[in-house]
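**Student:** Once you have looked at the hints, place chain A on chain P.
Line by line, the protein sequences are chains P and A.
Taking this note's numbering, the leading residue of the first sequence gets 52, the next gets one more, and so forth.
Taking this note's numbering, the leading residue of the second sequence gets 52, the next gets one more, and so forth.
These aren't lab readings, by the way, just hints derived from the structure by calculation.
Among the hints, a few may not be true.
Which copy is meant is left open, so a pair is good if it fits within one copy or across any two.
Unchecked claim - Below 20 Å or equal to it, Euclidean Cα-Cα: the simulated SDA-like pairs (lysine to any residue) are:
(1) K449 <-> F136
(2) K293 <-> I424
(3) K104 <-> S421
(4) K295 <-> Y334
(5) K201 <-> D353
(6) K87 <-> P270
(7) K84 <-> I103
(8) K262 <-> R179
(9) K201 <-> I258
(10) K262 <-> R282
There are 2 protein chains.
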Amino acid sequence: MDNLDLMKQISIPSLTKIVLLVIDGLGGLPNPKTGKTELETANKPNLDQLAIKGICGLIDPLSPGITPGSAPSHLALFSYDPLSFNIGRGVLEAMGIDFDLQPGDIAARGNFCTVDEAGLVTDRRAGRISTEKCTEFCQLLDGLVIEGVKLFVCPVREHRFITVFRGKGLAPEVSDSDPQQVGVAPRAIVAQHAIARRLANIANEFIAQAKTVLAKHHPANMVLLRGFSQRPHPPTMGEVYKLKPAAIASYPMYRGLARLVGMQVLETGTSIKEEFATLKQNYNNYDFFFIHIKGTDSAGEDGDFDRKVRIIEEVDNALPSLISLKPDVIVVTGDHSTPALLKGHSWHPVPILLYSRWCRPDRVGEFSESACIFGGLGRLPATQVMPLAMANALKLNKFGA
Amino acid sequence: MDNLDLMKQISIPSLTKIVLLVIDGLGGLPNPKTGKTELETANKPNLDQLAIKGICGLIDPLSPGITPGSAPSHLALFSYDPLSFNIGRGVLEAMGIDFDLQPGDIAARGNFCTVDEAGLVTDRRAGRISTEKCTEFCQLLDGLVIEGVKLFVCPVREHRFITVFRGKGLAPEVSDSDPQQVGVAPRAIVAQHAIARRLANIANEFIAQAKTVLAKHHPANMVLLRGFSQRPHPPTMGEVYKLKPAAIASYPMYRGLARLVGMQVLETGTSIKEEFATLKQNYNNYDFFFIHIKGTDSAGEDGDFDRKVRIIEEVDNALPSLISLKPDVIVVTGDHSTPALLKGHSWHPVPILLYSRWCRPDRVGEFSESACIFGGLGRLPATQVMPLAMANALKLNKFGA
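Just chain P, same shape as in the assembly (with noise of 0.2 Å):
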């Protein structure tokens, strides 16, 4: 028996709230000035608070040593096991812009790039061109009918697009032709078994008819496709969980990912200020929420060590309107570590705090990655983590007689 089953068998509906704060990438290295990490640097009074009222330890998005990517990392933390719910990116960025796909359509994450008169990338993001620009150039593409598929081009955001084909006959088992480096051609799409040729055909011939239509678009003139992929179907955390779950997240990816597991996804701004005010307002309307904090691992990702600080103690600073709501349970957490000093994502464990009237505290005095070492938790993987807020909310039945 999976995780899964197993919550689906002893959990109860009930009245209590659980709040799930993602802060994406939360985990970091330290600072080799003050051998500090970004969270311990970070002055963060509501969080420290939370730690001592709460338990603490450090999760293991996949097992140790293993990089997750965002979709694995995010299925982990809701439970789902993200070996076997392999979600592509395509499928995650069309879910994110509400892109309806049906069954047998296949989705492709694009990005508008530059190449010089050798075809060669100089650019895989075509100098990050605005949504605005993004959206014009998608309208040039989209619409296309290729040997009898049609094809949808939609904006994203910035460089970002999808393409949907929608056909008969079509398998996502291709390669990217995005070569995820710059200074060489884009790849043909090859198909990877016999059934995938069609759609790496006609892939083939959108890309070279893209670049023909985008030639006089310097510096977005040509795309890169890659995550070609079909939606999977995972029970929802409605029948998992009997939750009423609700996702708050301003990044197209995570909104899509929180629409795959069942998550009402609604409507926020982009700034932690709004995405704590959309909780207050919707508070009253479900019994568990996601809340995605974007910014730290942008921060990361650029090696802007003081801007993942900053906007760690943005998120301490927005707390308080949370914890007023006196929700049963708080999580908070990251996904996956993304430490400045390393400019990606990382196998580093992340801190989680878990605070609720049932949870048994620990001695963990602050909010951070040395102080987590010793926490009631200790460590463990993040598909342990629903288990746990849910027992501490009270909403699973005792397991066997």
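**Tutor:** Showing chain A alone in chain P's frame:
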């Protein structure tokens, strides 16, 4: 997807180097007089310094409470599930002396031993006869043909040898003749499945002939056989990790084990200094080094607390020559505990330290069992050591989008 599949999927070749230093039987138990374990008693400034700069923890070779043999504990350290790759002792010994095992060959580990006039074992190791004597007696037995099956009898070291059975219709599911105690007669070898009856008969016949041949050669007047087995074929470390791995081990079994997972086994001496010199000489030619220190385990098995302490100090003394090579990742641990107090392998978890530029140091101030409890690695299965070493060497891609 198991550990090896995951590693195979996300590992990438790179220029960084990993050194895995295995101090066999490292973990211990406190001396009742001092309250300190062997490791805690040793003067080991270099190991302590690495522990301060690095991250520490405790590993379970198999799982809590399980005392492993040397083969499963090493397989686990290399991230091979020791329950799926169960490697017989005979195969390990054969590989350790470079015996070219062919498909279908069955190898058994042998001891020359002493029996009294009643046929009862008085010394399972025949007074640890010299390797020269062992070689001489093996020659007396080598090359027999029994029921069309050819027997190879080859010396290993001191009283140890191997017997390899080559022929048709053989299966390895037979019991040992070694009773693992003195005062009793060697056991008759019994087939555990019908298909293994032919091997059982042939092995018993071999033992009978050996008894006759050896009658005049007291103390080596009998043989004991155990660990009848066939070579498995796990994927190599090159395939799994995209490493070019080398092993530095003086004791045959560990050389065999390293060869089994595809390491290049380097020529080396029997002293710790010689092993470290071999590392230095070969440092440029490989990107992963497994260094095996045998003396600690032997001292533990002999119940010699002080000798185990001295060997740990000897390792510590040699350590600067390793550190001066500046490997990207240094891991120091043991394959299992061998407390001198227990005179044998034990189930106690084993201290581990990992040092790399990216290791997120903890507050552990010395390398010891009691300090490692509070380490940032927490307590983890030995199979997670390689993923962590690979991650710290930046040799793993992100998993998922």
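**Student:** Now tell me if each hint is right for this structure.
**Tutor:** We went through each hint and held it up to the structure:
1. Taking identical chains as interchangeable, the C-alpha atoms of K449 and F136 lie at most 20 Å apart only when they sit on different chains, with a minimum of 16 Å there against 27 Å within one chain.
2. Taking the shortest Cα distances, K293 and I424 never come within 20 Å of each other, neither inside one copy (32 Å) nor across copies (32 Å).
3. Proximity of K104 to S421 under the C-alpha cut-off of 20 Å is found in both arrangements, the shortest distances being 17 Å within a copy and 14 Å between copies.
4. Only within a single protomer do K295 and Y334 lie at most 20 Å apart by alpha-carbon distance; the minimum there is 11 Å, versus 56 Å between protomers.
5. In this assembly of identical chains, the alpha carbons of K201 and D353 never lie at most 20 Å apart, being 37 Å within a copy and 67 Å across copies at closest.
6. Taking identical chains as interchangeable, the C-alpha atoms of K87 and P270 are never at most 20 Å apart, the minima being 40 Å within one chain and 65 Å between chains.
7. In the homo-oligomer, the alpha carbons of K84 and I103 lie at most 20 Å apart only across protomers (17 Å), although the nearest pairing inside one protomer, at 27 Å, exceeds that limit.
8. Taking the shortest alpha-carbon separations for K262 and R179, only the intra-copy value of 18 Å comes in at or below 20 Å, while the best inter-copy value is 78 Å.
9. Within a single copy, K201 and I258 get their C-alpha atoms as close as 14 Å, which meets the 20 Å cut-off; across copies the closest is 66 Å, which misses it.
10. Taking the shortest alpha-carbon separations for K262 and R282, neither the intra-copy value of 28 Å nor the inter-copy value of 56 Å comes in at or below 20 Å.
When each numbered hint is compared with the structure, violations occur for hints 2, 5, 6 and 10.
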